[in-house]
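Model the full structure from these sequences, guided by the hints.
Heads up, the sequence shown is in my numbering, so the first residue is 1 and it goes up one at a time.
A couple of the hints might just be wrong.
Ranges of calculated distance between the beta carbons of each label pair, as one might list FRET restraints [to be verified]:
1) Phe274 / Pro231: 23 to 33 Å
2) Phe170 / Leu76: 43 to 53 Å
3) Gly282 / Trp41: 48 to 58 Å
4) Phe278 / Leu206: 34 to 44 Å
5) Ala276 / Leu25: 20 to 30 Å
6) Leu70 / Val122: 16 to 26 Å
Since the hints were made in silico from the structure, they are not lab data. Beta carbons: idealized from backbone N, C-alpha and C, even for Gly.
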Amino acid sequence: MKKGKLRSYERSRGIYGYVFISLWLIGIVFFFAVPFVRTIWFSFNSLADMEPGNLNEKWVGLENYRRLFLGDAQFLPAFTETVRSTIVETPLICIFSLFLAILLNQRFRGRTAARAIFFLPVIIASGVVMDIVNGDQFLNMIMSGQRAGMMFEVTSTQDLLYQAGVNPVFVDYIIDTVNRLFYLVWHSGIQILIFLAGLQSISASLYEVAKVEGANAWVAFWKITLPMLSPMLLVNLIYTVIDSYINSSNPLFKLIDSVSLEFDYVAAMSVFSFAAIFLIIGIVYFILNRWVYYAVD
1 MKKGKLRSYE
11 RSRGIYGYVF
21 ISLWLIGIVF
31 FFAVPFVRTI
41 WFSFNSLADM
51 EPGNLNEKWV
61 GLENYRRLFL
71 GDAQFLPAFT
81 ETVRSTIVET
91 PLICIFSLFL
101 AILLNQRFRG
111 RTAARAIFFL
121 PVIIASGVVM
131 DIVNGDQFLN
141 MIMSGQRAGM
151 MFEVTSTQDL
161 LYQAGVNPVF
171 VDYIIDTVNR
181 LFYLVWHSGI
191 QILIFLAGLQ
201 SISASLYEVA
211 KVEGANAWVA
221 FWKITLPMLS
231 PMLLVNLIYT
241 VIDSYINSSN
251 PLFKLIDSVS
261 LEFDYVAAMS
271 VFSFAAIFLI
281 IGIVYFILNR
291 WVYYAVD
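Take a look at the structure:
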């Protein structure tokens, strides 16, 4: 194919791509960008003297942010706990999702039903069902992972591991994982789906060649499966960081909800929260992107 025709073909494909995402771009501008800019503006103003139909904005500069860090004793502990839970939950959910995706990619009777069961939380995680769950205190505790593992409480095992000299940090991490089993399953649907799509895109010939060369399943996983899944792993990590961070059960967002009528102060909280999650995602991408393998490399 001549270079001119190739460029024309690539240009037309690019135009089609922009046409397909045009509605999404319009939505981003009107339903995200404009409200976000307004939120930033509110965070530098006082809206205490609001009247019906009139916000009565008064410029106060960094006063709301000063209150955030120096005047509110609840904010920093809530923010720190939210970041900590995000850091703990993200690798757990991604590893758990990868494990289940590999299992669900095998051939066995009832595979389609099993896939549907693990994706079911994604379908029912909104609408009327979630309104019922959020209105039930016990179910809400289960959803937040606070009592998800009541039947799996392993205090005696935990004490035994402590006495055996196992690192307490490692023991606490494992015990917390077991006690949050329901939470892991509930928040793994999208990640499992993405990993499944990645697994099904790997050519079977790669495994056949590896088998001929004498590689076992363990070696094939580290040399073929994981490298080929690395782009999906990066996407899942970023998605999980966001999903875990903005979970309504996190202390930070409970605090935001408790002062939701103070629009100027809530705006400052929201802007800082956005900047924090943006920074976390940037760090994750910067660290992991160098190890991502793309098929075109």
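Against the structure, the hints:
The beta-carbon spacing between Phe274 and Pro231, approximately 25 Å, falls within the hinted interval of 23 to 33 Å. The hint said 43 to 53 Å for the Cβ distance between Phe170 and Leu76, and at roughly 27 Å that hint is violated. Range check, Gly282 to Trp41: Cβ separation about 24 Å, and the 48 to 58 Å hint is violated. A hinted range of 34 to 44 Å for the beta carbons of Phe278 and Leu206 is consistent with their spacing of about 36 Å.
Ala276 and Leu25 have their C-beta atoms about 26 Å apart, which keeps the hinted 20 to 30 Å range intact. Taking 16 to 26 Å as the suggested C-beta distance range, the pair Leu70 and Val122 does not conform, at roughly 41 Å.
Comparing the model with each numbered hint stated earlier shows that hints 2, 3 and 6 do not hold.
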